[in-house]
Every structure is written in C-alpha cells, then in structure tokens.
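Novice: One-letter residues, chain by chain:
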Amino acid sequence: MNSLSKYFLGIYTGVKSLLVGMSVTWKELWTKKVTQQYPENRKTLVVSDRFRCELTMPHDENNEHACTACGICQMNCPNGTIDVQSKMIETEDGKKKKILDVYTWDQGMCTFCNLCVITCPSSAIKFENNFENSVFNRRKLIHRLNNEGSKLREKKKEVKPAESKAE
Amino acid sequence: MMLLNYSQPLELTKLIKWFDNLLRASLPEFWTLLIEFVVVALALLAVYVVVALLLIYAERKITAFFQARIGPNRAGKWGLLQSPADMIKILLKEIIKISRSDRFLFFAAPFFMIVASFATFAAIPFGQSLHAIDFNIGVLYVIAISSLGIIGVFLAGWSSNNKYSMIGAMRSGAQFVSYELSAGFALMTIVVLSGTMQFSEMIEGQRYCWNIFNGHISSLIAFVIYLISGHAETNRGPFDLPEAESELTAGYHTEYSGIMFGYYYLAEYLNMFVIASIATTVFLGGYLPFEIQGWDGFNQIMNYIPSYVWFFGKTFVLIFLSLWVRWSFPRLRIDQLLNLEWKYLLPINLLNIVLMVLLVLTGLTLKDLFGIL
Amino acid sequence: MEDIKKLILDTVKDAVIEEKQKLTVTVEWTKLPLLAKTLRNNKDLPFDFLVNLIGVDRGEELGVNYLICSSKDLSKEIVLKTSTTNRENPLLYTVTDIYESAHYSEREVYALLGIRFINNPDMRKFFLNSDWKGFPLRKDYDTNPDINPVSIESKEIQDIAPRIMETEEGQLLEETVKVFEDDDYVINIGPQHPSTHGVMHFRVSLDGENIKKIDVHSGYIHRGIEKLSESLTYPQILHFTDRLDYLSANMNRHALCMCIEQAAEIEVPLRAQYIRTIMDELNRIDSHCLAWATHTNDLGATTAFIYGMREREVILQIFEKTCGGRLIINQNVVGGVMFDIYKDFQKDVKAFIPYMREKLAEYDRFFSHNVIALGRMVNIGHLSKENAIAYGVTGPAGRASGWSCDIRKHIPYALYDQVNFKEVIRTEGDSYARYLNRLDEIEQSLCIIEQLIDNIPEGEICAKTKPIIRLPEGEYHARVEAARGEFGVFIESRGDKFPYRLKFRSPSMQLVSAMPLICKGEKIADFIGIGGSMDYVIPDIDR
Ligand code: SF4
Ligand code: SF4
Chain A
1 MNSLSKYFLG IYTGVKSLLV GMSVTWKELW TKKVTQQYPE NRKTLVVSDR FRCELTMPHD
61 ENNEHACTAC GICQMNCPNG TIDVQSKMIE TEDGKKKKIL DVYTWDQGMC TFCNLCVITC
121 PSSAIKFENN FENSVFNRRK LIHRLNNEGS KLREKKKEVK PAESKAE
Chain B
168 MMLLNYSQPL ELTKLIKWFD NLLRASLPEF WTLLIEFVVV ALALLAVYVV VALLLIYAER
228 KITAFFQARI GPNRAGKWGL LQSPADMIKI LLKEIIKISR SDRFLFFAAP FFMIVASFAT
288 FAAIPFGQSL HAIDFNIGVL YVIAISSLGI IGVFLAGWSS NNKYSMIGAM RSGAQFVSYE
348 LSAGFALMTI VVLSGTMQFS EMIEGQRYCW NIFNGHISSL IAFVIYLISG HAETNRGPFD
408 LPEAESELTA GYHTEYSGIM FGYYYLAEYL NMFVIASIAT TVFLGGYLPF EIQGWDGFNQ
468 IMNYIPSYVW FFGKTFVLIF LSLWVRWSFP RLRIDQLLNL EWKYLLPINL LNIVLMVLLV
528 LTGLTLKDLF GIL
Chain C
541 MEDIKKLILD TVKDAVIEEK QKLTVTVEWT KLPLLAKTLR NNKDLPFDFL VNLIGVDRGE
601 ELGVNYLICS SKDLSKEIVL KTSTTNRENP LLYTVTDIYE SAHYSEREVY ALLGIRFINN
661 PDMRKFFLNS DWKGFPLRKD YDTNPDINPV SIESKEIQDI APRIMETEEG QLLEETVKVF
721 EDDDYVINIG PQHPSTHGVM HFRVSLDGEN IKKIDVHSGY IHRGIEKLSE SLTYPQILHF
781 TDRLDYLSAN MNRHALCMCI EQAAEIEVPL RAQYIRTIMD ELNRIDSHCL AWATHTNDLG
841 ATTAFIYGMR EREVILQIFE KTCGGRLIIN QNVVGGVMFD IYKDFQKDVK AFIPYMREKL
901 AEYDRFFSHN VIALGRMVNI GHLSKENAIA YGVTGPAGRA SGWSCDIRKH IPYALYDQVN
961 FKEVIRTEGD SYARYLNRLD EIEQSLCIIE QLIDNIPEGE ICAKTKPIIR LPEGEYHARV
1021 EAARGEFGVF IESRGDKFPY RLKFRSPSMQ LVSAMPLICK GEKIADFIGI GGSMDYVIPD
1081 IDR
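Residue numbers (the numbering used here), protein chains in the order written: chain A, 1 to 167; chain B, 168 to 540; chain C, 541 to 1083.
Isolated chain A, as found in the complex (with noise of 0.2 Å):
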C-alpha cells in the first residue's frame, strides 16, 4: 500500500512542479521582451562613457594635442600596440626639441586595458566609447591618432614623465 501511495503522490508532486513551471514561463510570455534591436536604436542606446572602444587623442581648436611623445605609453603596453614616432627639431631658440611625429595604434591587438591611459603622464590620450569600429579590412584598424600638421600645446613644459604616473 505504502508504495502504491508513493506512486501516486509521485504522479502529483511531478505533475504539480511541472505546472509550476509552466505557470513561469506564461507569465514571461507578456513580460517586457529585452532584447536589443541595433541597429534600430541607435539614436536610444547609451553606451556608458567609461566604455573602452577606441584610443583617442583630443585635439583643441588650434590643432594642439598634448603628446610630448615620450614613449611611456608605448613602453608600457603589454603587447605593442602603440607606436611613437619622434622627430627632431629645431626650435626658435636654437634648442633642439623631440616632438611627435606619428601616433599609431592597432585597435586590432590591443586589449583595451587602459594602461596606456592611465600611464600618460601628459593625460594626451583618452578613450573613447564610439563602439561602431567594424571594417572590412585589418589594416583599417591601425589608426593614427594625431592629426596632420597638429602639434603640442604649449602651456605646461615642466612634464616629468616618471611621477605623474598612477601606477
């Protein structure tokens, strides 16, 4: 007897969780759906500001950046991203003078640990949120980073490099 009625209420205690469970998913049936429709809303998606998609360097109105090219970003990224290319030049004075020359970094190896951020004694780079970076080819994704003819704003000169670092 015993086991028969363990058998039945087997059948119950079975049937019940089952209707439990579909009670659960009936009522996820009208719920709000979540799914994200882009590229549709992309006038409503915000993407945090934080988000790390793509390596910047502001530029101001008078084409200045703050990049002394010291190299500490690249020396620091752990896997080569970055390229720093310095030239020489004279200034006014006579003095001879490092300055940027071209600024490269490869979206596609670099794994957005913002250590060259974080890094830059000068702040010259940030990064930006703009996530729509697909192309179609791999060598779009090495970007110069400073604009033709910029150059570094002049404001504060005493820049040493090593105790400004975060970390």
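Keep in mind that the hints are not guaranteed to be accurate.
To be verified - In silico negatives: residues of chain B with every beta carbon more than 12 Å from chain C:
#1 K228
#2 F271
#3 L504
To be verified - With beta-carbon atoms standing in for the labels, derived distance ranges:
#4 R897(C) / Q36(A): 21 to 27 Å
#5 D722(C) / A252(B): 48 to 54 Å
#6 Y760(C) / P251(B): 37 to 43 Å
Derived from the structure by calculation, the hints contain no laboratory data.
For each residue, glycine too, the CB sits at the ideal point set by N, CA and C.
With the hints as your guide, set chains B and C with the ligands onto chain A.
Specialist: Okay, now just chains B and C with the ligands, sitting in the frame of chain A:
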C-alpha cells in the same frame, strides 16, 4: 436537431460540389477522377508546405516570447518572410556526401521520414468535405503510417557512420516503440467510446458533445496521455533525446545538410501538426464548432465560423500547448523516459481502457446520461 | 605550528625550515613523499589539501613547490620545496597517491618543465602534444617558432601512456599503459561541441549509455600566460588575469593585485577595498547566474538559459558604467582600483538587489523543483567530502560535498572579515547540491553587497605606487575565493620588475580533474549535466 447549417456562406462544400459537377458534366468518369486526384494531391502538397512554413515561423516567434526575446524580425514585416527565406537557403545549400557511409541508405532515410508524415496528412479531415481519404480504419491507418518515420530515423543513424548519430538513432528506436504503444492505446480508448475507426463517423458522433466531454474522466486521461506520447513521438523537448544537442550535437541528423536536413526539419514540424490534428479530430470534435446544448443563440454564432477555421484553431491551441511544454522543461534522460512510459503511462492507459469500457457499457457517458438523441 | 615543525624535523632530519611569507620546508627529493604523507596523516591538523603544485626552473636545478594546507583550517599552510639537479633527465617522486589533485598538475609540470614523476600512473604531457620540442617554462627554452611549427594537420591522439614506476626493489621501470581498451566505444565530447563550456576535449568510452572511462585532453587554447608574464612588468601582467576565468575576471585580478601589494607592502585605501569587495560580489553573482543558465541549458532547458542571461545583463551594465568593460573589466590595479564608482552606482546596485531576489524566487519556482530537473540532478555525480579534498575541488562544488572551503571565511581578505554572511554548505555532494549552492551563494552575495553599499567611505581609490614596481626577492602566495573556487597566485621574485616565475592556481583544473571520478558509471547525458553543475571554465585551465 439540425445543428450544421449547410447554406453557410464560407464553407467550401459548395465549391467542391460545383467543381465536381462541372468535371462530370464535360468529361467521362475516368478523367474526372484522375483530374480530381491530381488536384487533391496538389492541394495537399500546398497545404503541407504552407502549414510547415507557418509552423516554423510560429514556433520561432512563440519560443522567443517565452524566452523574453523578440524572435525573427528582420525578413519582412515582423519577420514574416523568415521561413520562406530559410527554405530558399536550405534549398540552395550543398548536400554533403560523407565518405565511408552507406550512400544509398543515407540518402533514402530522409524520404521515409517525409513520406510518412505526408501520408498521414492525407487522412486528416481539415474541414467540412475537406477530407482526402476517408478510410473506415482511419485511426489504424494513421498509427501505422506514422510509425514508418522511425525507419528514417533509424537508417539515418545507422548509415551516417557517426557515433552521435548512432546513439541518437538507438535512443529514438527505444523511445518510438514505447510511446507508440501509449499513443495507440489512448486512441483506442476513444475508439471504444465512439465505436468506430472512421474519422468522419467519429466526428459526426461528436455532434452532441466532444469526445473529451463525452467520456469525461476517462477521455481526459486518454487525452493527456495522447498529448504526452504524441509529443514524445515527434521527438520534441522534453523528449528530444535522439537529437539532444547538449550531448549528441544533433543526434541522428548530425551528418545531413541542405535539403536532406530540410526534410527532417520539415517532417518534425509536420509530425507535430499531425499529432495535434489527430488529437483535435479524435478528442475535440475535429472541425465541429463548440456548442452548448440549449444555448441556441450562442450555437448560431459558433456555427457561423467555418469548419476549417475551427479545425485549425483547435489544432493551433494544441500546438501552442506543445510549444509551451517544450520550452518550459529540461530534457529527460533515456532511462527516465522509458520509466515514464512503462511505469506510468502504460499501466494508467490500460486501466483507462477498462474504465472506458465500463463507462460505455454501464451508460455513464455524458451522451447516455443527458443525451436526447 | 610549533609541533608541526617538530613533526617535520622528526620525519626528515635534514629538512630546512624557513619562516617566509609561509612556512617553507626544503627537503631532498627522495624524502618528499615521506614528509608529505606524514603531514597528510597528521591527526590533529591533517595537511590533506594540495593547493598548488608549482614547477620552477631555479637555474641550476629544477624544482617543485607544493603549497599544502589543512582542509580543516585553510589558513594553516606549509610550502614544501624540493628539486633535482639533473637537468637532462629530471625525476621526482609523485604525490598523486597522497593528493589526487597532483595528477594533472604533475603532467603539466612535465609538459612545461620536463620533470617526470616516478609512480605517476599516466605520464603523458598535459596541454602539449607529445612531440613538442623543448620545455617552455625552462629559462633556456628556445622560443624560435621554427622548432615547433604550427601544424595544420590533425594529429592522432596518443592512446598509449608512458610512465615510470618504481619496483619494490627500488628499480625504475619505464613502461607504457593503454588509456582505452581496443574495443572500447569512444566518443569525443569536444573540442568542438555544443556543451563543453569552452574548448575542452573529453574522450569518453561508453558501455551502452553508461560511461566507462573519461580521458581529459586539454590545451587547445593554451596561451602561455605564465611564460609571457615572465617578461612583463607587474602592471602589464594584470590584464592577463581577466582572461583566465573570464567569468570571475575581477576576483582573479584581485588575487594578483593582492599578491603584489602584500609583497611590495602597499596599503590599499579603504574606499578601494569597498569597491573591490562589492565588485567581486557582483562578479560572483554574474558568474553564478551564467552558471545557472548554462547548467539548465545543459539539461535541455533553453528557456532558463535566456532568463539567466537576462539577469546577468543588469550586472554587466553596471560593470560597463563603472569600468568601461563588461566581461574583461580591468578594474583592480596594484594599490587600489582603476575607476571610481559612478554617480548612480549605489542607486543601480540597490535597485538590482530586490530585482535579483525576485528572479531568484522565479528560478526556484521554474527549475529547482521541477521533477525532470530533480531526476537529472539528485544523486547524480556524487562527490564525497574525502574526494573533494583529495581532488582539491573547492568553491560551490566543494562546499556541496560538505567541505567548508571558503577562503573568504578562512583567510579573510579585503572586507570579508567585516561583513556577515553565511558559508553555504550542503553535504549531499550531488549535482543538485552544487546547483542549489550556487543559487544560495547569490543570495549571500546580495547580503554582502547590501551591507557595504551604503557605507563606501570617501577617499583615495588607489594608493600611490612607485612608477616601476619591483618586488623584493622572495616567494609570495595569494589566495582568493573566485566564483568557481579557490584562485591562487604564486610569484617568485628575484628583485626584478618582472616576476621570475608566476603561477596561477585555477579552480577549474581541479573541477575537471574530478570529472572522470564522479562521472564513472553515469549516463552520457548526465556527463553533460554534471559538467554543468561543476561549472568549469576552460581558459582558466589552459592558461
Ligand atoms: S605617454 Fe602620453 S605623452 Fe607620452 S607618448 Fe604616450 S601619449 Fe604621448
Ligand atoms: S589599452 Fe592596453 S593594450 Fe591597448 S594600447 Fe593601451 S596599453 Fe596597449
């Protein structure tokens, strides 16, 4: 009581009658029949494809809603063109011939599957006079033919020369053989109740009230069992072990590609439809409208809805139920699956038949108790 | 620990005991098994849990460090060290008979350092093919790609395992054993398979639907992180940790930062500690949500999978807003955290807590009591407490076997000694216990967050560190509780800005090592389910 209004404007009866008369008037008997056969076959084929495409679309949409998603929505409005697009894609795909497989059986297997599902399709009454063949042993025919599909599954598993397929096919065999029993017994219960195996008679017999109400407890049990075992026969979750993707990648059809895979895919959906429509016919009064004795005004309105709408409506509700179940539960394991059949469904089923016999003999069916007819 | 020292000296007279960060005992290689066995069988405080087995190339010698601790009190730790001067044919004794978890680790050491272990029952290389030339972690390894060219041919898997056994007379015998019988029905689960949770290759021999034997074949996505780290500075290494067990990215990184901070004696500001702890717990919830989702998916409930993903998304949003990453979040740095919390952080997290509780109730209704689910989990994949300890299975899985192994309780770090939470322990040891443990741990994590979220103090988020971090010479260990169990970091420093040797203890490796044991005799369908309940992450193994 004249319950069905034959002058109903939306029924196709008249159209068919007119078409038949037209042919008979101008052609000899032989040609009339031939043309009618071809037309019926084409019509069935068309319905077959349309139903399959709609089902695939419906499944994807409904599944998505259960899962808090949106589902296909890129091809056409609300993704309506998704299924046709998929069909075209599948037709264009390469059929990969795998080496070291039994070529003949490998390519024959999908046909068993599709032919079996199509052959059952013919015996289903879709509506008033929309019934291709009306066997006097319709129920038996359906049970017999639909089990042909298992041969397709089995051959596929065997001939693919793939271990996953093999295990899938073996599981499928065990599963199909077991659940076929339950499904058959559940239908037999109703055969006992209605005293016929012919679908048309069975439906007409439900004019007073549907079988599921007529046989009350016993019918209800049979109905539930039929749904479960039918669900299992179509290899759909939670009984989808033969193609359990988490362990067997795609089970018996792992190695198929292109339209060969398409056949399995199509047959799966059609089987679902066939099971649901047989359940509709046998338990839910087929194409008959829902009527309550005595409420004449209500019955009039119900009657105004054409029969095929009733049929597809009921079938769709059952299909929805099957989807709901499928997307709510995890998958059974093979031993649990067999346990369910042999320890629960089959004994209950056998008792149920006895119960039904008693009900019929002692005149305890709804019709006997309250019927005026 | 004084009597332990005495015990050690009693067992091995010439053992050298040093008090470093951990109690370190150096013995001759022939004496090691004896010492390990004695410590393991010690009555009051059995040192029966091998936390980490680290092969090191010490220049002249090749050696192995064993970090062992007691399963009763995880904070009682001893480091055993041994080495051999024979670089041509280095041999050491195995400890597999004492600690089961050593088996794969020793095979890993063989692949990467070339040390073979006498009496290890199966001395195939782990991670590497048998024909790999050279031993990557040796300091004199030639990294020239021509030596080991990338092969696009598929290679037959070696089915004959070499090993080296010691006979009773003390003779060494090289022999081979077959992994599978000739007529075994072997099917591959992986490396490409819908449910291996990564590129893992299990070869399973079947008897009908029952599992006879499992052979684990790993290394498909090995990235050589430990080797790479030897030429990178400490801040640079940090970004690798997120890529080990990517689901506990923050916790892994926390461990490495902690290890460096302890070694360099850097004080982490309180605010940073708060942020770290909260982020760790969020990360844990995230990971457990996903574990629940994939586990249900492995059992065939696809709908549940999507629900789990949906809840996880809320956390990912919070991560994205805080640190600009979703999976790889790069939050911890040496000395603190990289990003301060954003303005609405508290608001978002506080909104998430009741939401998650509601969803936990839904999970419970939807899946936890479902008969089919119960049938697939209860009494399936049973792992006893003894085996959990021997195989080093920690985390929710270890605690489901009744082993209290939560590092947060035993060796509290960050703020875990200041919050109240329960260590969830079940004793059944089956898939269901592991499943429930995870859901309960989500609740506990919510509790922890609740206690911290309103009290985040103002202040610095990162301590000032030297521009170039050099660790003083020595060996450093750090252990944290990651989502899948104990994650450990070992750094051997020679005073340079690069580590001399860095080793991660990945919890998933131990989880996988227990799979052949607990799956034996189960159905093939349950193999997947058990895998889901153990919840291993493959990149964590293939470091
Ligand atoms: S660290 Fe900053 S200033 Fe120096 S090269 Fe890089 S971007 Fe320029
Ligand atoms: S984010 Fe990291 S990997 Fe990318 S460029 Fe900067 S330092 Fe290099």
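Novice: Next, verify each hint and record whether it holds.
Specialist: Structure-based check of all given hints:
The claim that K228(B) lies off the interface holds: its Cβ sits roughly 14 Å from the closest Cβ of chain C, which is beyond the 12 Å cut-off. Chain C leaves F271(B) outside its interface by the beta-carbon criterion, the shortest separation being 25 Å against a cut-off of 12 Å. Not every Cβ of chain C is farther than 12 Å from the Cβ of L504(B); the closest lies at roughly 10 Å, contradicting the non-interface assignment. For R897(C) and Q36(A), the Cβ-Cβ distance of about 25 Å falls inside the hinted range of 21 to 27 Å, so the restraint holds.
Checked against the hint of 48 to 54 Å, the C-beta distance between D722(C) and A252(B) comes to roughly 49 Å, which is consistent with it. The hint said 37 to 43 Å for the Cβ distance between Y760(C) and P251(B), and at roughly 39 Å that hint holds.
Checked against the numbered hints listed earlier, the structure breaks hint 3 alone; every other hint is satisfied.
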